[in-house]
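Undergrad: Each chain, letter by letter, is given below.
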Amino acid sequence: MKKAGARIYTFLIFLFLYAPILVLIVYSFNDTETASRTVWGGFSLRWYRKLFEDRLILEALCNTLIIAVVSAAASTVLGTMAAIGINSMKRLPRRIMMNITNFPMVNPEIVTGVSLMLLFVSAVRLLGGRSLGMGSLFAAHITFCLPYVILSVLPKLRQMDPNLYEAAQDLGCPPVRAFFKVVLPEIMPGIVTGLIMAFTLSIDDFVISYFTSGTTQTLPIYIYSMTRKRISPEINALSTVLFAVVMVLLIIINARNAKDQKRSEG
Amino acid sequence: MMKRYFIHFNLCVVLCLALCLFPVQTVLAGEAQALTVSDKEDAAPDRGITINVYNWGEYIANGTDGSPDVNEEFTRRTGIRVNYTTFDSNEALYSKLVGGGADYDVIIPSDYMVSKLIDENMLAELDFSNIPNFQYIDERFKDPDYDPGSRYSVPYTWGVVGLFYNTDYIEEEITSWSALWDDRYAGKILMFDNPRDSFAIAQFMLGQSLNTTDENDWAEAAALLKQQKPLVQAYVMDRIFDKMESSEAWIAPYYSGDAAILVENSDSIQFVVPEEGTNYFVDAMCIPVTSSHKEEAEAYINFLCDPEIAGANMNYVGYSTPESAAKAYIDQEMVESPVHYPSDEILERTEVFVNLPESTAKLVDSLWAEVKMGGPGESIVLVAIILGFLGVYIAILVYKRRKRKRELA
Numbered sequence: 001m002k003k004a005g006a007r008i009y010t011f012l013i014f015l016f017l018y019a020p021i022l023v024l025i026v027y028s029f030n031d032t033e034t035a036s037r038t039v040w041g042g043f044s045l046r047w048y049r050k051l052f053e054d055r056l057i058l059e060a061l062c063n064t065l066i067i068a069v070v071s072a073a074a075s076t077v078l079g080t081m082a083a084i085g086i087n088s089m090k091r092l093p094r095r096i097m098m099n100i101t102n103f104p105m106v107n108p109e110i111v112t113g114v115s116l117m118l119l120f121v122s123a124v125r126l127l128g129g130r131s132l133g134m135g136s137l138f139a140a141h142i143t144f145c146l147p148y149v150i151l152s153v154l155p156k157l158r159q160m161d162p163n164l165y166e167a168a169q170d171l172g173c174p175p176v177r178a179f180f181k182v183v184l185p186e187i188m189p190g191i192v193t194g195l196i197m198a199f200t201l202s203i204d205d206f207v208i209s210y211f212t213s214g215t216t217q218t219l220p221i222y223i224y225s226m227t228r229k230r231i232s233p234e235i236n237a238l239s240t241v242l243f244a245v246v247m248v249l250l251i252i253i254n255a256r257n258a259k260d261q262k263r264s265e266g
Numbered sequence: 001m002m003k004r005y006f007i008h009f010n011l012c013v014v015l016c017l018a019l020c021l022f023p024v025q026t027v028l029a030g031e032a033q034a035l036t037v038s039d040k041e042d043a044a045p046d047r048g049i050t051i052n053v054y055n056w057g058e059y060i061a062n063g064t065d066g067s068p069d070v071n072e073e074f075t076r077r078t079g080i081r082v083n084y085t086t087f088d089s090n091e092a093l094y095s096k097l098v099g100g101g102a103d104y105d106v107i108i109p110s111d112y113m114v115s116k117l118i119d120e121n122m123l124a125e126l127d128f129s130n131i132p133n134f135q136y137i138d139e140r141f142k143d144p145d146y147d148p149g150s151r152y153s154v155p156y157t158w159g160v161v162g163l164f165y166n167t168d169y170i171e172e173e174i175t176s177w178s179a180l181w182d183d184r185y186a187g188k189i190l191m192f193d194n195p196r197d198s199f200a201i202a203q204f205m206l207g208q209s210l211n212t213t214d215e216n217d218w219a220e221a222a223a224l225l226k227q228q229k230p231l232v233q234a235y236v237m238d239r240i241f242d243k244m245e246s247s248e249a250w251i252a253p254y255y256s257g258d259a260a261i262l263v264e265n266s267d268s269i270q271f272v273v274p275e276e277g278t279n280y281f282v283d284a285m286c287i288p289v290t291s292s293h294k295e296e297a298e299a300y301i302n303f304l305c306d307p308e309i310a311g312a313n314m315n316y317v318g319y320s321t322p323e324s325a326a327k328a329y330i331d332q333e334m335v336e337s338p339v340h341y342p343s344d345e346i347l348e349r350t351e352v353f354v355n356l357p358e359s360t361a362k363l364v365d366s367l368w369a370e371v372k373m374g375g376p377g378e379s380i381v382l383v384a385i386i387l388g389f390l391g392v393y394i395a396i397l398v399y400k401r402r403k404r405k406r407e408l409a
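Line by line, the protein sequences are chains G and E.
Residues in the first sequence are numbered consecutively from 1, following this note's numbering.
Residues in the second sequence are numbered consecutively from 1, following this note's numbering.
Bound conformation, chain E alone (with noise of 0.2 Å):
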């Protein structure tokens, strides 16, 4: 009896030594590459520092299809560990960053997440004779509303909200953010699961500014939404790629870099910049006031700037670089293509989302709630089925005291 849980334990130990030996393996293969990018620089010695940097899911070139590992790079060429861990939303960064116990040193937030963190003073000021490569940002990327003077950031990526559709059902040309409220595609049409997003649509159609404080135009965006809600599939974020792919929907709003992967893989499937005008949203790196490696933080900034590695990261990640040096490095396809870098004067139509003042935050999130709950209706549903609860328990209760008292007599 003994013995058989004895290797039963035996074996479950063996077989979580051998998975741990995987990472060593792979780190030798990632120097092999590593290789081909560097300047045949020696590796520079240990500093004993760890940094750690917290980025989105799936946002560096990792070492995986023939990219680069980057993060290796860094380090065999500083001598800086990294400690890399990743989020899937800017409010998970946040409350990561205010709960306290994570020591980060470099994050990657969105442009109003950088606007939000700058107004409560959570983010360093660089030290930009530390990150010499931000020579090398576009005009353009530089002073933005998010974050005025470029002080606290430094841009990563960006991209811009388009439509996509399926050309197989949809016949027409898109070019206004109203084929989202066409009931010709209903039950085909899917619409971001988070509010800026969504709401942002609907401020374009109404001509609004996507920051406005004014409660007005929110309720009226929101109206906007409500009479648009019968007509969409679901509320989705990733699962758009399922869905478009598969023709289960017809026509989506998703971010550029994202969802050029579709187009590019698909005959059927086109993006359009619609003429009402877009957000567009950078991804930037910050230094929280936190950090305790501030000086190893810059380096590391400064490193994803190199327009090489830049190029490479964006290769991997299919987001737009903000520095024209990059696009040497990247694929020629990717740099001609309109979905990955659209025509100035599409980028004349854009706007940047900043950090909204506390009011206007809490107004939105519940008049999200409201679009994506429905009205009234639906919270009768809900007392009914409470109601319906209640009902069978004290049914069964009832039941019980009767036969206990039928037992009795």
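If we strip away everything but chain G, and leave its shape as in the complex, we get (with noise of 0.2 Å):
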């Protein structure tokens, strides 16, 4: 009895995480003219051919993909070394640091797009250009993004015996040797959550984006400036294209891993 109320429990949480996805895919194969999303007409792959003949679209999710894995990237790095150096403080200016870098975090999104706007666009006169663009997006995603990093790696470091840095010196590991062989695959786990944390982030991001673009168009804003006609269900497609390649690589991932496992035990 316990295990069947436990069952129903489980099917309904997936059901609530998955059915909207569901739903998403299967009308991406909805043959409509007028791109309706609720009343079914048939099986079709026209919004697919439609959406690789769009430019717009892609040139949009190119400039989404760009912006995420710069930006995840460099604010990795520089979260990484900030949560080193801030493990490596005393108490009390360790906590300043971490209400700092914790603030725009639960700062609206929308105060950090208008006050980077502000911001970027009085630098960009003063410097002479003409306009926002990838350069800003750059730079709001990085900004955005670190906090979440510092805050996955930390704990890493904070579980980590500090001993185990000083023992490889005294084996005669120079240090930036010693921080390569034994720092950082001890806290890998935790940068690879923030990489991942800042990429989907990144990608998400409309608000913040929406201020900073200038004359760059991300997908999400893209998305939202079809609102006056209506959401094609070439979007559909695309999120289902996008569904289906990450869950191939995590299935891939873990089949690899299965494997890799195996063969360390047998």
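Source of the hints: derived by calculation from the structure; they are not laboratory data.
For every residue, glycine included, the Cβ atom is placed at its ideal position computed from N, Cα and C.
Take the hints with a grain of salt, since some may be wrong.
Stated by the list, open to error - In the DMTMM-like style, the derived pairs of lysine to aspartate or glutamate whose C-alpha atoms are separated by at most 25 Å in a straight line are:
| # | chain 1 | residue 1 | chain 2 | residue 2 |
| --- | --- | --- | --- | --- |
| 1 | G | Lys50 | E | Asp242 |
| 2 | E | Lys243 | G | Asp31 |
| 3 | E | Lys327 | E | Glu139 |
| 4 | G | Lys50 | E | Glu139 |
Stated by the list, open to error - On the chain G side, residues computed to face chain E include the following (Cβ under 7 Å):
| # | residue |
| --- | --- |
| 5 | Leu17 |
| 6 | Ser225 |
| 7 | Lys229 |
Take the two lone chains and join them into the complex the hints point to.
TA: This is the structure:
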């Protein structure tokens, strides 16, 4: 009895998580003239065909991915360095530092967006530039991703035995090498979590990008601009493709891990 | 451990690179298509100039569904590259322009926004010797109320607001805006989710001008909208497509060009322009004063006025063209449809929006907020919610303090 209840509960949770995605995928195959999102008109691949013909969507997607990759990589490197620095601080400065880092996370996005825009606009004017664009988007995205990376790396550093690093140096390892050989592998899970988080946050972001994008267009902004007419099922098709790619990647990675584990056990 | 994560990261990068390659492929595909529309001239050499164009979302033929890729064709003919971006509302465009940080060369706002931008000296006067195709624009669209003398703008598309209704549920023939106040259709009525379009409907019923500056007129219109509110299912914009198609709603006002597709695809959905008259709107091409490539921007405007290109755009967008010459390139069905091209008799009864003075605009905003929020009744609900939260918070505090005291004792 108890088991059945647990099963139903789990089922409901998964239904809640995946039903929207399922609906999205189903309607990406909808054959309709009016781009309807509620009336089923038969199976077709027309939205996929249209998606791959649509230069504007693909350009926006490309911009989004470039920004996500660059800002995730940059904020991971900066955030890891910051976390190492913060970790070795004394108690009071560390607390102050952590509060300063956490503040942008609790700050409403719209405030961050507007203030970044004002800053960038005046900076661009001072430097004699004409327009915000890719550069300001990079800066903005790195800024709001940083605290998340720091927050996911710090706990790993605190878990680590500080004697390990000293032991490596005792055994004749120069500091830089000791860092790469001993510290980095220890905190790697935290870094990867931070990286993935930064990547998804950056792809998702609408509010901050909206204010700092200048004449560059990212995918969320493009999708939002469709709302006067209607959001085309091309977006369903695009989301389905992204979902499928991520899923296949996860399966491949998991399969490889399982293989590695078997080999090391066997 | 480390190897595993490294692979993970690697795959991410590969995925991104692979996705970035898509546009390259489609650019190549697009080029082949563009040839069908051009005059078979050779591609112009790259001039090293990129103009920034800011237009409504999905408002230009972009190479999908067999339409030509207009921006690509422009680059091919002139050697000027186009950075094409899109917005969702006139207000979004305005805030982008005022906020600075964006340098646009061609923008396509609607009528009242054009007049607002003119009033604020944000538009450059056009040099019509660079826009010879302006000759194709019909006389009716020259010298409009929002841009007297046609000095700052060239119309791109136009349309009227009308009523869409489902004949399966509404059997009588609708001829008046008062159908939106008919309590037989209570809960099945949709309204615009923006102040000027909604007020316009009430104003036509009251026989006022859309651009009145008399406060009493606006208050009267607001009262009429408040009276309608209990009957309205929702204030929506693009969701009317889903709601009308699935019969969730029976009657809704919308822009003719966007919603024409509803009529074409359903036998039971009808379109009518009510007899009281209606708002006719124009989206027009302008150049901001800040543009650094004015000549190239004018070339772009001229290009979009080319009847062949205008025709291709209208086929894709579904709005009406201000150029009679372009009709030769538009699907015959569309040209003959009264949804797209209402009769002159109907157009006699239309009025276009112009910019309202600051004080009136503020009044309209606050009246609209009142209409949508309802009267003081709803602010009482808000206060009750806040008080409720406060009560829970205090209860928790009291409970904690008691618990601590008990533990100490």
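Undergrad: Next step is simple, just say for each hint if it's right about the structure.
TA: Hints and how they fare:
1. G:Lys50 with E:Asp242: holds, 21 Å
2. E:Lys243 with G:Asp31: Given that 25 Å is the threshold and the Cα spacing comes to 18 Å, the pair holds.
3. E:Lys327 with E:Glu139: Holds, because 15 Å separates the two Cα atoms, which is no more than 25 Å.
4. G:Lys50 with E:Glu139: Not satisfied, since the Cα-Cα distance of roughly 37 Å exceeds 25 Å.
5. Leu17: violated, 22 Å
6. Ser225: holds, 3 Å
7. Lys229: holds, 5 Å
Hint violations for this structure: numbers 4 and 5, all remaining hints satisfied.
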